[in-house]
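S.K.: Each chain, written out:
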Amino acid sequence: MFLLGGLFTVQANENPKGKAECIWKNTAYEYFCDTCGCGGNGGSMGFGTGLNNNFVGLRYIGQKYRSRDGIFDNSPWINENFNTVQAWGKLPVGKRVLVNALLPYHSHNRTFADNTEQTINGIGDATVLAYYNVLRQTPDSVISIKPEHALQIGGGVKMPTGSFDAANIEGSVNPSFQLGTGSWDYILAANYGITHRNWGLSALLNYTIKTENSKSYLFGNQWNVALNTYKTYYLSPSISLSPQIGLGGEIFEENKEFSLTVPDTGGEVYFARFGVEANYNSYALGISSMLPIAQNLNEGKVEVKNRVSLYLNINI
Amino acid sequence: MKSIYKFLAFTLLAVFTSCSSDDDATAGLMGENKVTLEFDNSVGSDDLLLATAGYTNSQNETLTITRLNYIVSNFSLTNDAGEVFTYDKEESYFVTSEETGSTEVVLEHIPAGTYVSVTFGIGVDQEKYLQGAEGQGDFLTIAEETNMMWSWQAGYKFLNYEGTFTSETVTEPTDFKVHMGSHGSSLDNYKEVTLSLGTDALVSDEMSPIIHIVADANDILDGENKLALTEQSVIMVSEEKSPKVALNTASMFTVDHVHNGTGDSH
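Top to bottom, those sequences are chains D and X. FYI, in the working numbering the residues of the first sequence are 1 to 316. FYI, in the working numbering the residues of the second sequence are 1 to 266.
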């Protein structure tokens, strides 16, 4: 669940010349892996952010996984679908601080080999994250020739508002088939962005420190890294289109239960990401897809097939 | 000034070291509970599916397995302090059977603790057998019902492994039967194994672990000792071959994982 998002931050209502505030524009690296289901490890979430715009938005995230239902090489694979709708927004506090908040609603389902289906629905884990703008150019000139940089560092908390069902954690099937981790988790995050003319590049690094939940289960800490690049085309003063391409990685430490390492947990997955965002006045509509390039999750017992996201944000 | 930094560094080190202990959850386990051992049969790394497609072993024989029953007995658990809890011998004999699906052994009233290994026998030991038919209690009936007895004089079958096979020279599917036991008291094929659990099994009033054991049926004929069915497809009272089967069978067990918790589901 990382959303990084600068995506929505495209400020289409801005004149193309006034680019100074658009440094995160479209970088939208929305790492969307929202709660559980991420990488088979009870994910966490992060945000990338736009620089100065406030927004509210809705995002749909669809993730497809398959996981081994059993311990043997001929154990059946079962397909798992994670569907999430997130409400989220961003609010600047003072000149250099911004606060992100996110609340997901999940509807996950999976079908076992005997055709029985399991569905879980409900609110997921809410996250609040604050960033401090360490480095940021001020828009002192109308036309900026030189590349502009921005750097934000921040931290936040993910609250156990989603339910965690101990019956779903048994080792042989994806332990992340949950609405929430059931734990208070803490996020450290850094975003860096650079823009030059219509081009932009952003990079992010997040680390989520997870804690043991009331069922004595501890999801492994998680790294998220991403690199994203984009170019903005202005079709008119109020309409722009920004195709994006990027790479992302998620690295999970092993889970623990009763302080004992749970076998077949942890791992890593690397994605290629493709997306496009359209902006019209203060609306941003985006679609993106993440496809795994390389992965080894849960000792190969969980595989990410793909993720898609669709979002609409309104700058306020 | 430097010495103050050193002092601070050592203090911090001490604090972090003392906080790094990860056995908080296992301290103070109280009471007793059951421990479940699941015997999950495989062929190699595949789940064993009776009477379905065959698999080919390293001796180039293709086996279709139709029965895999074996006796496990004399369970004991060793905790992290090296103390051994031995389960009541009277209650410590079980038949696991792939065909009936009764592959769980439930040990009741195990004292709270952090267990690191399990020891059990394959078959019935001479001490038990020499108690005579009346000394066997209900287990005699259970063994008869599950095809695990020849006759009282001949004794228990510790392993009943059957199916059909083909090989380079045996092209028509041909029955095989591997019945291994002690043959009265003249040949003792009872073996014991100790398995490290890998993950500690935690027992308390609230926690009843499941120890998930995999038994690789391929090892029975294709383990350390190689036994070709083409050469002999019925192995029963064989002073030469059945001890080899017994050794192979004793080495087919591994612990795949331990599930700690309430043990209500797995």
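Bear in mind the hints are in silico, worked out from the structure with no lab data behind them. A couple of the hints might just be wrong.
Using C-beta positions, here's what the derived DEER-type ranges look like [unchecked claim]:
(1) Ala81(X) to Asn109(D): 42 to 48 Å
(2) Lys64(D) to Lys89(X): 51 to 57 Å
(3) Tyr186(D) to Thr52(X): 34 to 40 Å
Each residue gets a CB set at the ideal place from its N, CA and C atoms; glycine is no exception.
S.K.: Decide, hint by hint, whether the structure agrees.
M.R.: For each hint, the structure was consulted:
{"no.": "1", "hint": "Ala81(X) to Asn109(D): 42 to 48 Å", "in the structure": "46 Å, holds"}
{"no.": "2", "hint": "Lys64(D) to Lys89(X): 51 to 57 Å", "in the structure": "53 Å, holds"}
{"no.": "3", "hint": "Tyr186(D) to Thr52(X): 34 to 40 Å", "in the structure": "50 Å, violated"}
Going through the hint list in order, the structure does not satisfy hint 3, though it satisfies all others.
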